[in-house]
Amino acid sequence: MTLIAPAPPHIDRDNLLDRTERSTIDRQIRERLIAREDAALADAYRQHRDRVYRVALGILRRADLAEDVTQRVFVRLWQRPERFDPSRGTLGGFLQLDAHGRAVDLLRSERARVERELREHRLAPSSDGQVGIEEEVMRRISSERVRDALSALTDDQRTSIMLAFFEGHSYRKVAELLGQPEGTVKSRIRIGLARLKELLGEATPGLA
Amino acid sequence: MRHDAADAAAAHALNALPPDEADRVDAAISSNRRLAANYDAFRRVAATLADGFPEAAVAAPGDLWDRIAGEAFAR
Numbered sequence: 001m002t003l004i005a006p007a008p009p010h011i012d013r014d015n016l017l018d019r020t021e022r023s024t025i026d027r028q029i030r031e032r033l034i035a036r037e038d039a040a041l042a043d044a045y046r047q048h049r050d051r052v053y054r055v056a057l058g059i060l061r062r063a064d065l066a067e068d069v070t071q072r073v074f075v076r077l078w079q080r081p082e083r084f085d086p087s088r089g090t091l092g093g094f095l096q097l098d099a100h101g102r103a104v105d106l107l108r109s110e111r112a113r114v115e116r117e118l119r120e121h122r123l124a125p126s127s128d129g130q131v132g133i134e135e136e137v138m139r140r141i142s143s144e145r146v147r148d149a150l151s152a153l154t155d156d157q158r159t160s161i162m163l164a165f166f167e168g169h170s171y172r173k174v175a176e177l178l179g180q181p182e183g184t185v186k187s188r189i190r191i192g193l194a195r196l197k198e199l200l201g202e203a204t205p206g207l208a
Numbered sequence: 001m002r003h004d005a006a007d008a009a010a011a012h013a014l015n016a017l018p019p020d021e022a023d024r025v026d027a028a029i030s031s032n033r034r035l036a037a038n039y040d041a042f043r044r045v046a047a048t049l050a051d052g053f054p055e056a057a058v059a060a061p062g063d064l065w066d067r068i069a070g071e072a073f074a075r
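Chains as they are written, first to last, in the numbering used here: chain X, 1 to 208; chain E, 1 to 75.
The hints are simulated quantities; they were obtained by calculation from the structure and are not laboratory data. Where hints are given, some of them may not hold.
In silico SDA-like pairs for lysine to any residue, Cα to Cα no more than 25 Å straight-line [stated by the list, open to error]:
1. X:Lys173 to X:Arg111
2. X:Lys197 to E:Val25
3. X:Lys173 to E:Asp23
4. X:Lys197 to E:Val58
FRET-style restraints, in silico, Cβ to Cβ [claimed, not checked]:
5. X:Arg111 to E:Asp4: 22 to 32 Å
6. X:Ala63 to E:Arg33: 38 to 48 Å
7. E:Arg33 to X:Arg147: 19 to 29 Å
8. E:Asp63 to X:Arg76: 16 to 26 Å
9. X:Ile133 to E:Asp66: 33 to 43 Å
10. E:Arg33 to X:Thr184: 25 to 35 Å
11. X:Gln79 to E:Pro19: 16 to 26 Å
12. X:Arg172 to E:His3: 12 to 22 Å
13. X:Asp64 to E:Asn32: 32 to 42 Å
14. X:Asp64 to E:His3: 33 to 43 Å
15. E:Gly70 to X:Leu178: 37 to 47 Å
16. X:Arg36 to E:Pro18: 19 to 29 Å
Computed footprint of chain X on chain E, listed as stretches where at least three residues anywhere in the stretch have a Cβ under 8 Å from a Cβ of chain X [said to hold, decoys possible]:
17. 7-16
18. 23-35
These numbers were taken from a predicted model, which means no experiment stands behind them. Idealized CB from N, CA, C, for every residue including glycine.
Produce the complete structure using the sequences and hints provided.
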């Protein structure tokens with residue numbers, strides 16, 4: 001019989017710790033996971049579940065799918081803890097981006113299915129829904145700091161990054177939606193991210 | 001470093017590459033230290049952007065941990 005530990009209470013510690021403390025805790029959790037200590041996964045889940053779930057839900061907008069993604073992220077952390085490298089960022093950031101990647105994969109496969117069905121019914125997907133999408137995405141962003149940094153980008157950079165990251169589109173789809181060459185969109189993403197790095201700087205929680 | 005490689009690394013940091021391109025960029029990153037450093041920096045920016053996703057109106061359900069523990073610790 002498999003014994004299941006009780007659900008750990010939530011503590012959002014990432015926002016309470018300085019960078020050194022967070023790095024130390026992340027390294028300890030990684031070592032305990034590699035040593036196959038069950039409680040280490042419970043600790044990681046307690047500390048990071050809300051931010052992981054939030055990212056998945058933000059992309060997928062469906063609780064059941066967001067739960068599945070959250071489950072996959074933590075199970076994979078248990079199965080392959082060495083994938084997290086503390087020298088490259090925080091555990092919270094690693095888990096959030098893992099959730100983002102899995103949610104995006106799921107979203108794109110669902111979009112492809114819907115578009116395939118529309119084509120079969122001789123209906124083209126409308127691009128009208130993109131009108132005002134940037135304003136809608138910006139309105140939904142919960143972090144004032146992130147909103148301010150995005151606002152400092154050029155319109156082209158901001159739109160490309162927001163459609164790619166917050167709406168989960170590939171750069172090719174972003175290029176299609178904006179009627180721009182794919183290479184142009186990729187360059188705008190790079191230049192925009194470099195600018196965001198300057199704007200968000202050393203206070204960035206993900207910067208280890 | 002070529003701009004197109006850096007462009008691809010930036011798009012990859014946002015999970016905005018199709019799978020075939022992502023695999024190619026991963027291979028390039030693993031063999032190019034400077035490209036890897038750029039990718040890591042972009043990835044950390046992306047992690048900060050992730051804090052901008054809206055707070056979930058409903059928290060993750062209480063039984064989610066049971067599901068995770070049941071799958072992870074199944075012997």
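Practice task
Please flag the earlier hints that this structure goes against, numbers listed from lowest up.
Solution key: When the structure is compared with the hints, numbers 4, 7, 16 and 18 turn out to be violated.
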